[in-house]
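Participant: Take a look at the letters that make up each chain.
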Amino acid sequence: MTDDELIWRIAGGSGDGIDSTSQNFAKALMRSGLDVFTHRHYPSRIRGGHTYVEIRASDEEVKSRGDNYNFLLALGDSFARNPQEEAYYGDEEIKPLTENLDELREGGVIIYDSGLLDTDDVPNFDQRVEENDWHVFDLDLRGLAKEYGREIMRNTAGIGATCAIIGLELDVVEELMTDAMPEKILEPNLEILRESYEDVKENYDTDVGVTVPESEHEEEPVLISGSHGIAYGAMDEGCRFIAGYPMTPWTDVFTIMTQHLPDLGGISEQVEDEIAAAALAIGASHAGAKAMSGSSGGGFALMSEPLGLAEITETPLVLVESMRAGPSTGMPTKPEQGDLEHVLYTSQGDSNRVVFAPGDARESYIQTRKAFELAYNYQIPTIVLYDQKLSGGHQTVPESVFDEEPNPDIGKVVTEEEIEEGERLAGRFKRYRYDGEDGVSPRSLPGQKGGNYLASGNEHNEAGHISEDADNRVTQMDRRMSKLDAIRDELDAMDESHQTVYGDEDADYAILNFGSTKGAVEEAVDVLNDDGHSVKAMNVSDMLPFPKGEVNSFLEDVDEALVVEMNATAQFRRHIQGETGRHGDILYSLLKYDGNPFEPADIVDGFESQLDGSAEPAHNTRIESARGD
Amino acid sequence: MSVFNAIDEERDIDVNEFTPSLEPQATWCPGCGDFGVLKALKQAMPEVGRTPDETLLVTGIGCSGKLSSYFQSYGFHSIHGRSLPVARAAKLANPDLEVIAAGGDGDGYGIGGNHFMHTARENHDMTYIVFDNEIFGLTKGQTSPTSPKGHKSKTQPHGSAKSPIRPLSLALTSGASYVARTAAVNPNQAKEILAEAMEHDGFAHVDFLTQCPTWNKDAKQYVPYIDVQDSDDYDFDVHDRREAAEAMQEAEESLYDGQVLTGRFYIDEDRPSYQQEKQSTGDMPETPLAERYFDDDYEWERSYDLLDRHK
Ligand SMILES: Cc1ncc(C[n+]2csc(CCOP(=O)(O)OP(=O)(O)O)c2C)c(N)n1
Ligand code: SF4
Numbered sequence: 001m002t003d004d005e006l007i008w009r010i011a012g013g014s015g016d017g018i019d020s021t022s023q024n025f026a027k028a029l030m031r032s033g034l035d036v037f038t039h040r041h042y043p044s045r046i047r048g049g050h051t052y053v054e055i056r057a058s059d060e061e062v063k064s065r066g067d068n069y070n071f072l073l074a075l076g077d078s079f080a081r082n083p084q085e086e087a088y089y090g091d092e093e094i095k096p097l098t099e100n101l102d103e104l105r106e107g108g109v110i111i112y113d114s115g116l117l118d119t120d121d122v123p124n125f126d127q128r129v130e131e132n133d134w135h136v137f138d139l140d141l142r143g144l145a146k147e148y149g150r151e152i153m154r155n156t157a158g159i160g161a162t163c164a165i166i167g168l169e170l171d172v173v174e175e176l177m178t179d180a181m182p183e184k185i186l187e188p189n190l191e192i193l194r195e196s197y198e199d200v201k202e203n204y205d206t207d208v209g210v211t212v213p214e215s216e217h218e219e220e221p222v223l224i225s226g227s228h229g230i231a232y233g234a235m236d237e238g239c240r241f242i243a244g245y246p247m248t249p250w251t252d253v254f255t256i257m258t259q260h261l262p263d264l265g266g267i268s269e270q271v272e273d274e275i276a277a278a279a280l281a282i283g284a285s286h287a288g289a290k291a292m293s294g295s296s297g298g299g300f301a302l303m304s305e306p307l308g309l310a311e312i313t314e315t316p317l318v319l320v321e322s323m324r325a326g327p328s329t330g331m332p333t334k335p336e337q338g339d340l341e342h343v344l345y346t347s348q349g350d351s352n353r354v355v356f357a358p359g360d361a362r363e364s365y366i367q368t369r370k371a372f373e374l375a376y377n378y379q380i381p382t383i384v385l386y387d388q389k390l391s392g393g394h395q396t397v398p399e400s401v402f403d404e405e406p407n408p409d410i411g412k413v414v415t416e417e418e419i420e421e422g423e424r425l426a427g428r429f430k431r432y433r434y435d436g437e438d439g440v441s442p443r444s445l446p447g448q449k450g451g452n453y454l455a456s457g458n459e460h461n462e463a464g465h466i467s468e469d470a471d472n473r474v475t476q477m478d479r480r481m482s483k484l485d486a487i488r489d490e491l492d493a494m495d496e497s498h499q500t501v502y503g504d505e506d507a508d509y510a511i512l513n514f515g516s517t518k519g520a521v522e523e524a525v526d527v528l529n530d531d532g533h534s535v536k537a538m539n540v541s542d543m544l545p546f547p548k549g550e551v552n553s554f555l556e557d558v559d560e561a562l563v564v565e566m567n568a569t570a571q572f573r574r575h576i577q578g579e580t581g582r583h584g585d586i587l588y589s590l591l592k593y594d595g596n597p598f599e600p601a602d603i604v605d606g607f608e609s610q611l612d613g614s615a616e617p618a619h620n621t622r623i624e625s626a627r628g629d
Numbered sequence: 001m002s003v004f005n006a007i008d009e010e011r012d013i014d015v016n017e018f019t020p021s022l023e024p025q026a027t028w029c030p031g032c033g034d035f036g037v038l039k040a041l042k043q044a045m046p047e048v049g050r051t052p053d054e055t056l057l058v059t060g061i062g063c064s065g066k067l068s069s070y071f072q073s074y075g076f077h078s079i080h081g082r083s084l085p086v087a088r089a090a091k092l093a094n095p096d097l098e099v100i101a102a103g104g105d106g107d108g109y110g111i112g113g114n115h116f117m118h119t120a121r122e123n124h125d126m127t128y129i130v131f132d133n134e135i136f137g138l139t140k141g142q143t144s145p146t147s148p149k150g151h152k153s154k155t156q157p158h159g160s161a162k163s164p165i166r167p168l169s170l171a172l173t174s175g176a177s178y179v180a181r182t183a184a185v186n187p188n189q190a191k192e193i194l195a196e197a198m199e200h201d202g203f204a205h206v207d208f209l210t211q212c213p214t215w216n217k218d219a220k221q222y223v224p225y226i227d228v229q230d231s232d233d234y235d236f237d238v239h240d241r242r243e244a245a246e247a248m249q250e251a252e253e254s255l256y257d258g259q260v261l262t263g264r265f266y267i268d269e270d271r272p273s274y275q276q277e278k279q280s281t282g283d284m285p286e287t288p289l290a291e292r293y294f295d296d297d298y299e300w301e302r303s304y305d306l307l308d309r310h311k
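If you read the sequences in order, they're chains A and B.
Residue numbers for the first sequence follow our numbering, beginning at 1 and rising by one.
Residue numbers for the second sequence follow our numbering, beginning at 1 and rising by one.
Away from chain A, derived, C-beta distances all over 10 Å, residues of chain B:
{"id": "1", "residue": "P187"}
{"id": "2", "residue": "D235"}
{"id": "3", "residue": "S254"}
{"id": "4", "residue": "R271"}
{"id": "5", "residue": "S280"}
Which chain A residues face chain B? A few, computed with CB under 8 Å, are given here:
{"id": "6", "residue": "H260"}
{"id": "7", "residue": "G288"}
{"id": "8", "residue": "Y453"}
{"id": "9", "residue": "I466"}
Subject to a maximum C-alpha distance of 30 Å in a straight line, what follows is the list of computed DSSO-like cross-link-like pairs (lysine-lysine):
{"id": "10", "chain 1": "B", "residue 1": "K162", "chain 2": "B", "residue 2": "K140"}
{"id": "11", "chain 1": "A", "residue 1": "K201", "chain 2": "A", "residue 2": "K184"}
{"id": "12", "chain 1": "B", "residue 1": "K217", "chain 2": "B", "residue 2": "K39"}
{"id": "13", "chain 1": "A", "residue 1": "K430", "chain 2": "B", "residue 2": "K39"}
{"id": "14", "chain 1": "B", "residue 1": "K39", "chain 2": "B", "residue 2": "K140"}
{"id": "15", "chain 1": "B", "residue 1": "K217", "chain 2": "B", "residue 2": "K152"}
{"id": "16", "chain 1": "B", "residue 1": "K140", "chain 2": "B", "residue 2": "K152"}
{"id": "17", "chain 1": "A", "residue 1": "K184", "chain 2": "B", "residue 2": "K311"}
{"id": "18", "chain 1": "A", "residue 1": "K201", "chain 2": "B", "residue 2": "K311"}
None of these hints come from the bench; they were simulated from the model.
None of the values given here were measured: they were computed from a predicted structure.
C-beta: ideal position from N, C-alpha, C; glycine also.
When you get a sec, could you build the whole thing from the sequences and use the hints?
Facilitator: Right under this line is the structure:
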């Protein structure tokens, strides 16, 4: 973290263009050479209701949204534009100010739309401004927008004012608007942008100490979300079939894929439910296409049975699971990591699958590619597990990450010549005959001559016939289970591990975490070490097969380790203990499940409170010992 | 050259090709109507001109689901009620395949009812055979969605309070473009209807009356049938939705009074299949998706080319 950073928050009513405005502004900051991280906070409703987007930009790498923020652009809520007589709005109208002030840093900037918001309605506003040394700009953004175009364009007016204050030249923003906006609305928007920029420059003191640093990128960056990472990873692995049913936040991946697949000669199907969605992906994969499906908690629950079907029929299948707070439909727009055990263990019997939990947008891309590769090479279901935070937040990623060639390989499939020459054809093609070390038998595809066989969800013999023979059962089970060992060996042999170790190898203390908490943990490690602690962190991505060796050696010489996860029941900590069979005496959990992701300060406080009692854990987190009380 | 050579081939097809050479032991009870479906299906294949290698039979779970064990072709014995979603995606991925889905009345009209409705609505080009024995066979004789009102079983000891489902009418209103009913007691008609259903370009639903001598001795499935096409009493236009609907209604009501009406009830040759509809909106490739992975010259577009929008 650096002092020289901008954390800009735009707040207002949802459905009010805040998302697109902030997207553009984030890009403008990236284009001016900065590293960018975005965070979206929105309620589970469609129009109206308070929402905000935060953009953090710095000349150094930014890995999380950071702690608190230093620039608020408070727009009115959407009801101001579209009031309904019948509805009750409560204090919605001043929420853009009241809901955000608690987290604004000392010395921060507030721009508010004086055309819509009245600070007289905000309790103790002037007093708080004075106490916190905030710089307030009361601008009639709505009035300006109305004068030159339409009220909704007050977003643009806010951007113009922001640029004047932080010292960002308008040309990047203008360029982006020109790219993104249809002709008709472009001209008034450009005018509004300039007018408000000039107005602030001329009439206000902009020397308030919140600026953007100057910087340049070493490599060409792109700004993508975890969902883009997953979708692009899938497409680069040749995935051309997706079936799904909408559910927040999985819908993001589904929509991105659907937007591109028809143009790439692929097929996207929105179907009747999630059982169907997973079953379609299985059908398409069985017929020889690379296919995926996915959902969030509730929808994934419905996929439990097809998941087992893919496993026993050895049909390659990739599912994505985007976690949100549960149980049941829980909190649709809030992140949590409560589906870990659901994803690891769901489906009947001793079931077997690969599970990856990428930690950022870059890893989402890389690990989704690996998930496809393993699913098709080993004929096994693989799951990419991530959460609402990673799904929607955008990050700068070097473009070169996407450099690798596409991989349309669908794994071991026999040719018709091989079928004809081989002895696999006594009766039916011996689809499930064991002839490799890795437990994988080549498959034939429907339509191939001489290759017909029965793929059955019941236990079957090597020819595919349903069988309850005891010896056959053991052989088939052992063969299927042996795939995970082979996969673990392959993952261990990779040049770059999916696990990221951060900090000094010989540190006395450790933090373990998985998925989207990665960035916040790494920033916390920096803070802790700057404060004189000796801490390292490991972000684990391979949930199954679990990297026992790596985790054991990481924990070998540490005095204590804090397992950071966003759920109430310490699922990841239990998983570590279960897989390694060790470390119960040194593991502590830091849990957060209030619907908000961990920020670096939560982790610093948690660590210090556990270690030496020098801090209290943040009010919305909880510490728990692996051994119990 | 195609990877799927079986599909390009034209030759005479023998019924026996569909009998597994290493016959798995039949687990159906003696006298089970399911044998009739198997026989009719095998006999229909030469008429359709499809080989075992060109055919994908996807089944659900139940006694009926075992069909794929005794029928030599590419088979997929899936999970209870889910044969249709598996089957229709295989057809989308490789439209050259002859795709058949099959399962029982519990499988298709109960647990899989939602898929039935939606597959018919979308009019996927495939054949769906429902073994209608008015009972859950495999799980030992529970009341099924087609059991008559008042039917007593261990799970409905006081007699079912539910009216049976109307499979033909349901298929029609959902959008199936071919709807027929046949019976295991009538092998010739069954064979003809199955062949016709397979040749039909769109979703063909065949409600196939079968007997379950083990759990459902009362069912009407043994009763002599009346072929609605052969009988002057049932003169209606199979191409006319309204007339078809009326005929179906009569067939569905009279079944429980012991009068079994079978035959073609509705045929719409004009409605494009789902695949055609999807191709016309640009949502589906012209060549089978499954072929793509074997075409060495195919240029795989990369996400790299999409990244401009993120700069
Ligand atoms: C999800 C699920 N629920 C229940 C079952 C148990 N089950 C197997 S077959 C069957 C009913 C079969 O009846 P039907 O579909 O009419 O077929 P039949 O056996 O009569 O041919 C049931 C309930 C199952 N396999 N899976
Ligand atoms: S239980 Fe009924 S449906 Fe099942 S095999 Fe026996 S007779 Fe056939």
